[in-house]
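2 protein chains.
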Amino acid sequence: LRDSCKCQACVHPPTQEKQLDSAKIDPKIQPLSWDVENNFHRLEVFWPQSARRPPHASTYTAEWLHQFTTRPHDEITDEVYINKKSSVILWNRDEIEENPPELEFDDFMGTRAGLKKMLKNVCKYGISILRGVPLNEHQIVNVARRMGYIRETGYGVTFDVKYNADPKTHLAYTGLQFGHHTDLAYRERAPGVQLLHCLKAADPASAQEHAGGKSFFVDGFYAAQWLRYNYPQHFETLSKTPVIFSFLDSDRDRWFRESWPVISVDHMGKLKDIHYSLFSMRPPLLPQDKVANYYQALRLFSQRIEQSTLQYSFYLTPGDLVVVNNRRILHGRTGFEPSKVERCVCW
Amino acid sequence: LRDSCKCQACVHPPTQEKQLDSAKIDPKIQPLSWDVENNFHRLEVFWPQSARRPPHASTYTAEWLHQFTTRPHDEITDEVYINKKSSVILWNRDEIEENPPELEFDDFMGTRAGLKKMLKNVCKYGISILRGVPLNEHQIVNVARRMGYIRETGYGVTFDVKYNADPKTHLAYTGLQFGHHTDLAYRERAPGVQLLHCLKAADPASAQEHAGGKSFFVDGFYAAQWLRYNYPQHFETLSKTPVIFSFLDSDRDRWFRESWPVISVDHMGKLKDIHYSLFSMRPPLLPQDKVANYYQALRLFSQRIEQSTLQYSFYLTPGDLVVVNNRRILHGRTGFEPSKVERCVCW
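Quick mapping for you: the protein sequence lines, in order, are chains A and B. Residue numbering for the first sequence is 1 to 347, as defined by UniProt numbering. Residue numbering for the second sequence is 1 to 347, as defined by UniProt numbering.
The following block holds chain A by itself, in its conformation from the complex:
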């Protein structure tokens, strides 16, 4: 309570930076006295201070105090702790197809409403599709810069997914099928927002159901929430078991490694991140009696995300640019004839 004082001496008003040294508070501190004021709407507490300084007065409203009485803390409204405005909408195939999160490139680049729509789509649904993006490799950078700043990686500012007949460095260059995954989970922090610009595709006329190269996107939060309600123990396993994601950058002969649970929840228990990539997930270092349980949980989650009722799936045509929350949406593609397709990725 002493550490929560918001008087002007303890918290710098314009920046909300704390000026009180929390580490110097006596862990056994007790109020000298207190007062209930304003018809029980305010509590005033007088705290002892060091040396010969007078007592420090802190004021707390009843409303502020009340929010901490529930557990888990799902009713906290203090914006020091939580973003009240965030709203996330979980979706399955039918829901996203009914209301596709699309917009036109010109609206996005030219109008404030377009930019806002794009950002809202990414926050709410974790995915947004831009149509009619000019077909050159720089456009992806323009789109990214309008939303924020680009995170450069070992691949440079952008990453071109072009066919490479000698796939020594990365399976992404091949035309192989790619199952559901999130990108770069082996980095110290997986990229948050990912952009995928389709520059070249097989002739749309021939892009029938079996032509291959079809993209699909799945809401990992939807699947995780399903697991939480139906198999809470398996949810617990996937949210508590650290899994090492590792990748060998063979050009530089350097390993990247990072450890995440498949499902990350924040300190309030809210879904935060999904890290899932069969290519880079290594067997977890678990005691023998927990191994089967982990694989059982992983299997259930994996079967759920692969169900067609969850897949938002379509053929990208040149000029389409998909923006996804890479820590929520799993993406993939069916196999294709690689020389016919060219994509450009940026984080």
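If you are wondering where the hints come from, they were derived from the structure by calculation, not from laboratory data. Where is the CB? At the ideal position from N, CA and C, for every residue including glycine. Worth double-checking, as some hints may not be accurate.
A short, non-exhaustive set of chain B residues, derived as facing chain A with CB atoms under 8 angstroms [what the hints assert, rightly or not]:
no.: 1; residue: T15
no.: 2; residue: S22
no.: 3; residue: A23
no.: 4; residue: I25
no.: 5; residue: P27
no.: 6; residue: R257
no.: 7; residue: S259
no.: 8; residue: V265
no.: 9; residue: D266
no.: 10; residue: M281
no.: 11; residue: R282
no.: 12; residue: A292
no.: 13; residue: R299
Sample of chain B residues with no beta-carbon within 12 angstroms of chain A, all distances over it, derived [claimed, not checked]:
no.: 14; residue: L115
no.: 15; residue: I129
no.: 16; residue: Y229
Given chain A's structure and the hints, the job is docking chain B onto it.
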């Protein structure tokens, strides 16, 4: 064990990407048969496969198997899991002053050995000081680009710490004393490597012990390791209690928030990150009976990092550029006359 198979079908040899679908392994899988070969140096296991495919053969060396017999896993050498080469040297004031991690700008920019020395310093000690950097605002970008890539933030590519008489946005612009802290812990990931270039300082002749503006750096890992050995329960508290770091970007009226324990350890129990900043650390949301314990632990850690025997402390002179691991080294400065000093920061 099945998931750890490293045959060419399960792991793509050049990239080490896994091709086996871990989620499809039957959690109750049992070997069909096994064989000990080559004078007990190799175990060959035959696993059942789905449909009518023949059994899958996996081979494991005795050495590889043996590394998993100890717990905690501090002897694992498999590079899929761990970096064998990393060596971190914890230091206090005497140790770092005896062997200061310094080098010349020209060596660093012009020679491979110089670059290597800089990177080694940052990896081993978490700090490296470059002398003789030309006094203009672009040099910091040159230094950063030679080491890696720059992480752009809301402040742009670089952040100028110049005096601002109206400190509405950030206390860093003032001449106030700044206690020990790491930077930007309220971001989704605190920057890893931080550069601080001193462009202007008070007249060195007058920069006596009490002139102010003295910089200090402390090895947070040293203090954390001290806590672990002497007060394991307090170490546990600081490494397990999520703390919200939050900051109000008042220009944009936007809160940044993220939650970290003060001391982060990785899945092997090794020290990983320190997040510590009294300005942005908020009171933890703990049950009543754990509050005093948390503040006791925080207090002990804080007292330890503030001890002068831990401080690497000196006056920056124009042309000095300090590179620190911002998730390990705490930094700060004593109060100063702000109009006389100009620094430039970049992450």
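Structure-based check of each hint:
Hint on B:T15 holds. Least Cβ distance to chain A is approximately 6 angstroms, under the 8 angstroms limit. A distance limit of 8 angstroms between C-beta atoms decides the matter here; for B:S22 the minimum to chain A is near 6 angstroms, and the interface restraint holds. With its C-beta approaching chain A no nearer than about 3 angstroms, B:A23 sits inside the 8 angstroms limit, and its interface hint holds. Hint status for B:I25 relative to chain A: holds, with the closest Cβ pair at about 6 angstroms, below 8 angstroms.
Interface hint status for B:P27: upheld, as the beta-carbon distance to the closest one in chain A is roughly 4 angstroms, under 8 angstroms. Hint status for B:R257: holds, given a least beta-carbon distance of 7 angstroms to chain A, under 8 angstroms. The closest approach between the C-beta of B:S259 and any C-beta of chain A is roughly 4 angstroms, which is under the 8 angstroms cut-off, so the hint is satisfied. The closest approach between the C-beta of B:V265 and any C-beta of chain A is roughly 11 angstroms, which is over the 8 angstroms cut-off, so the hint fails.
Taking 8 angstroms as the C-beta cut-off, the interface hint given for B:D266 holds, the closest approach to chain A being about 6 angstroms. The criterion of a C-beta within 8 angstroms of any C-beta in chain A is met by B:M281, whose closest approach is roughly 6 angstroms, and the hint holds. Interface hint status for B:R282: upheld, as the beta-carbon distance to the closest one in chain A is roughly 5 angstroms, under 8 angstroms. Satisfaction of the interface hint for B:A292 is found here, the shortest Cβ-Cβ separation to chain A being roughly 4 angstroms, below the 8 angstroms cut-off.
With its C-beta approaching chain A no nearer than about 5 angstroms, B:R299 sits inside the 8 angstroms limit, and its interface hint holds. Annotated as non-interface, B:L115 keeps its C-beta farther than 12 angstroms from every C-beta of chain A; the closest such distance is 15 angstroms. With a minimum CB-CB distance of about 24 angstroms to chain A, B:I129 clears the 12 angstroms threshold, and the non-interface call stands. No beta-carbon of chain A is positioned within 12 angstroms of the beta-carbon of B:Y229; the least distance is around 20 angstroms.
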